[in-house]
Amino acid sequence: MVVVSADDDHNRPRLLAMDTGGTMTDTFVVDDEANYTVGKAQTTPDDESVCTTNSFADAVDNWGLDPTDGAGELEGIVYSGTAMLNRLLEREGSGNIGVITNGGMEDQLRFGRGIQSWADRSYAGRLHAREHEHPEPLVPRENIRGVRGRMNMAGLPTLPLYEDEAYDAIHDLLDRGVRVICVCLVYSYLNDNHEQKIKDIAEEVMDERGESVPIWLSSEQKPIRGELPRLNTLVIEAYAAEPSREQLRQVDDGFAELGSESPVRVLTSSGGTVAPEHDWLVDTMLSGPIGGIFGGEFLAEELDIDNLVCSDVGGTSFDVGLITEGHYPTRWDQSLAQFMVNIPMTAMDTIGSGTGSYVRVDRTSERIEVGPDSAGYKVGYSNMDSDVDTVTVTDCTLALGYLNPDSFLGGDIPMDREVAIDAIDDQIASPLDEDPIETARGVLDIVERDMSNELRGLILGLGYSPENYTLMSYGGGGPLHAAGYSRGLEFEDILIPQWAAAFSAFGCACADSAYRYDQSVDEILQPDFSNASSVAYSINDTLETLRKRAETAFDRDGVDPETVEFQPSLRIQYLGMLDDLEVDIGEVWDDEEGIDSEGVEDVIDRYEAKFDQVFQRAAKSPENGYQITMAIGVGVGPSAKPTIPHEELRGETPPEDAHKGTRDIYWDDAWHAADLWQMRDIQPGNRIEGPSVIEAPATTILVPPGYEAPLDENRIYHLQEQ
Amino acid sequence: MSIENDKVGEEKLAVTEKLTNGGEIGWDGQSLQSMLAETERLTEETGHYRGLEDLELKEENRFEYERLYSRLRGALVSARETALHVSASPIVREIGELCFQIYTPEGDSIAVSTGIIVHVHTGSLAIKWMIEEDYEHDRGIEPGDVFCNNDNDLGNVHTTDVHTIVPIFHDGELVAWADGVTHEADIGGASQGHTSIVHTSRFEDGIYATCEKIGEGDELYQDWKTRGERSTRTPMYWDLDEKCRLAGCHMIREAVHEIIDDVGAETFKQFTREAVEEGRRTMESRVQERLFPGTYRNSSFVGLPLAEEGWKPEQQKDSLHHLPVEMDINADGTMSLDMEGTSSQGKHSFNAAEGSMTGGLWVSLTQCLLHDGKVNDGSHYALETNFPEGSLTNPDDPQLSFHAPWGTIMPAFQSVWQNVSQAFFSRGFREEVVTGYSETTDTVQGGGTLMESMAQMIPDEVGDYFPVSPFDLSCQGLGASAVRDGLDHGYAMWNPEADMGDVEEWEMVQWGTQYLSRQMKTDSAGHGKYRGGSGWEGVMTVMGTEDCTLYKASIPDVAFSTAGMAGGYPGSTKYAVRAHDTDLADRAREGEPYPTGDTPPGSFEEHIDGDIERTHRGNYFPKEFDNHDVMHFQMGGGPGWGDPLERPLEKVVADVEEEIYSPETVEKVYGVVGEFDEKNRVFEIDQEATDAAREKIRERRAEESVPFEEFFEEERERVQDGDVSDPVAEMYVDAFDISEEFKSEFDEFWDIDRSGF
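Protein chains in written order, with our numbering: chain A, 1 to 722; chain B, 723 to 1479.
Hints should not be assumed to be uniformly reliable.
[As the list claims (entries may be wrong)] In silico DSSO-like pairs for lysine-lysine, Cα to Cα no more than 27 Å straight-line:
1. Lys660/A x Lys548/A
2. Lys740/B x Lys729/B
3. Lys734/B x Lys1034/B
4. Lys729/B x Lys610/A
5. Lys1034/B x Lys729/B
6. Lys850/B x Lys740/B
7. Lys610/A x Lys1401/B
8. Lys197/A x Lys1401/B
9. Lys1069/B x Lys1345/B
[Stated by the list, open to error] Which stretches of chain B does chain A cover? Using the computed rule of at least three CB atoms under 8 Å from a CB of chain A, they are:
10. 1148 to 1160
11. 1237 to 1245
These are calculated hints, taken from the structure and not from any lab test. Model, not experiment: these values are computed from the prediction. Ideal Cβ placement from N, Cα and C applies to all residues, glycine included.
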């Protein structure tokens, strides 16, 4: 329970974002004057309406409000959670799933293309073949039936569907008592005729038998190339996502009972929010951790920043997302709990270095290894309440004086600096014949260098350099390590919002109400654009279908389709290349006419400019023509957004009562007496001079010697070298 | 880009000025040749890389050293990630057949990117060759230059692996080399495909770039580009892959320039040398830590039934290759690998250059000993190798074909893995044991032309030719360890990041082919207390083509490469079945089933009429496939560990229910008898019958067993009388011819004057 900012007796909660984790449910509430508060409650997996309303009550209690008073004011409620993902990770989903695929391809789920045996492993684990292991298939082989027939790569039926086999398959699966039948045939995303025919047959058989189970088609859920990810995504919907639908309704009911008139919206991994009635909840499988990127996008727009790096240092990982020219990229080809899926996900890169990462000496190479495993919430060796027996990154930051042992997480966790130093000496420094303090700093150098390598690689990979970007640092550990991992990268500015520890939750509250639909198209455009008009025709046809789907979804939610903005984009590649780039075509798109052949040429110009930017050193290859691989349609409905603080600047000198004394910190081979500041007492306009440590219950900002950190009118610190 | 261009321009000026004044491009006024000679001398004399007994930078500035390492490796990884986007061929992107390395001026690898690590040392050989051939004075090595090599004899794994090599200069000195390699779908050549077994000489292999300068000023020569465009069947992939390698090398060069700007050239140079020496030391410590010292021996064999399939008279014979491996693992952590007694080089595609063999070595050791990824040429210095000259593993005739050396490398390294596994086992690392693997073969290769009506949608510039080279083969069965079963359908010995790719991706490239299935291959896994990983099988048909030729290369073909360990069985061998002039179209119209596999073997024909070709041997040379012709292929299983009779019953039950083994097979091999309800996949054991069957197997074993002395004597007589098949006799005669040492050891072992072979 933490009050981040409360200088007003009349808070009116406006937006609520909540994240139900495996153990705790966090909420973040913003009022109409940009004040925010956070709350916590024990997660109640059997009925999440209990934990979400409890957590909300805990949050608004900071403002002296009763939840029934607060809820009525809410204009938006955004839910994200890990229940679906945990269900998948822990294999506690709902079984009894039937699958129909092409005859001869019945084993594709357990084959997992081979890639699933190593996809989620660390680099060393990938090389070490002996460790590889396939995930246990979600559907047992006896529940999978094949039906002969084939479509080819142009979507033409080269072998007809063997309908007799389809009848047998449906009967067999119904006999086995499946509760849903997932159908995925090769190239159904280009031509769904065979999948539809199986559905018709299933309905006929069910009518005859007087039974009814849902028949799900991969061409309806995610018409995207790649039969394994398509089938996996459909199966995961049945196994882990759909079982949450009832929970989401309960959460919605819970807030309605508190008096809220605002519907609960669920955050998707691609950045929008959807109603619990959304056709395919698998889109919401993985959303919490990327919330920060949506918060970054929102801040970038508010503060007029073109390019922003969102960096999040948590207990187990360092997560980075890039917003370039106002947009973050989306990816499909990722794995989820070892399964290849085609869920569009906001691009976020992760390395396994966090504040809880274990630090060890490899006795063979005499080198320090950090992670990839981590003590997580147990923090470190020096946590006197835990049984961690290996030094962690946090032990090193504690040894160097950066952290206050008496108020770690508001004092909830008892830390002992001497214990940390002894453990570092014993486990790392002595075996290497080094000094423990220098070793602790060296460990941070390694960790922070890995982080800056990641940042540098990502930015260069997009064809930019760090000078083009502003870095934003958040998460419990971000503000502590920001000075370290930004060293040597000349970012335009480094921002640390005062609400850094709750920034991901803030980001969830920033998400648009949006429905996104993707469709693989594989349209080939001749190098001389001779077929541009037929390509335009075909694209318009596809995008129109996507628009209708989005409008239907809003219509179902009771939102007037007239108020929905349609944002079309295409993914394009040089023919033959295998990596496409996403090009926003909103500017050449006419709501009535779609795009025309000139529009297509214009889009190609944009694609080529983007290609140049990203792959500057490689020549373009227009001589082979182009391939439009995917059409993307996003419908964006009106949604309430948080406001960020706009406060009066109060002068550079912080108030005296914000100063809590001094502590020695180790930086650049020497000890420095750092001023300690209480974060909540620092006023906009105040300038914190390094060496300083700014302490808040959930995070700590390190301002090293030679740095300063002014707090601006938006309550954002700017970490700068003096 | 422009900054980097300026930098290269400046460097070029500096080098030109230096050369005009009689200067050298090596460090401190030395030539590269003298640097190489000095490095070799110092390393030889002291046992430390360049005589570096102390790692000053690492010891005195440990964290600076770590920062440099992580930065350099980060640059290689991000070059690879970015370059991947540019590449075209699914082989590169889907399968990750792309790797970047950075080398010292003398050509010793400092660090490697992720990807196919087989190339740690291959670029090294090519660079050293250029230095020895005095390129620095003769051909010229200057800033902005681009070199290319795919000549195995000079440093490569097989001819379809193409390297782009770029020198990196600072202040008029060559400070490092960047090297990028991709595996090409096609390089021209007498037959299609990336690993052809058809060729008998270099003149059939396709494009050879022999450490050739292919560009300057960061631009490729026009004549070189034209050559690629006109000499490969897939010019688009050739072009895009080349762009990808070059872009990556330039990114690495830029990163090196940045690092030198930050830390200074001297620190960078010191770091690169210490990194190699550190690699050497790490390798030795790992060996000491994990392997039990001793001399370990094993032999692999490769059966090549080409009497009927061979095109050229010289290849039309059934032969067996001999690949013995002896390894000394020493208490000080050094190792040696000796292949004395290996079969001689020959007129076939399986010749493996020394670079190919060391590539196989690194890709093996990185998977079991060095998987932290910090492998470099230092490891190479910790290991001595003997690949006998003139043998299959070190041919001295560059005019031979080097298209499919994997047909030698993969079987040979079965023996290496088993030797290392014994050493792991002896140290107590039972879980690290790898009994072997199924070699990555039997996938369909070839190509064809798309039918006129279909080809209209493809731009003319791309052409209507489609290559067929899916990487199904990257998902074989891995052998068992000494504590658990092997990995099913998911292992390729040359790249542990296996991925068979989606059918929808492959068919988007190989337009005229269609998969009819990909399914489990029952009875392919090697038996044992811990069974090998299972293989799988597929069926493919051809549609919408004008002409299409396909072929299949198989290992193990008619003979096992190695056995299992501790009583485990090898995985199954491969075979071939295909149908031409079929009734597939009629069947489809009538709703009659078409084949989706060949389990049990022989069932393929039950679902297709036409000219059926079924052979015990798995390979066949390119054949014409008409529309609706159908072919079967299969990925093999890994070898097992331990006596099958010790396999727990519940595991045997699961094997049957998962179609790893048929009920008939488990009865025969494991003595497990039961009733299998195929539809519901329930296998119920008949305990009484199982007890009886197991007892019977034990009795049979007892009856057939003889004392060792008796067995040895029987075998000795066979050796003396030459009582073996012709290919076996010919194999030994050839091995005796090429190695007097092997011959005398052989005779001594069997205690004979001479064999009857």
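Which hints from the list above does the structure break, by number from lowest to highest? 1, 3, 5, 7
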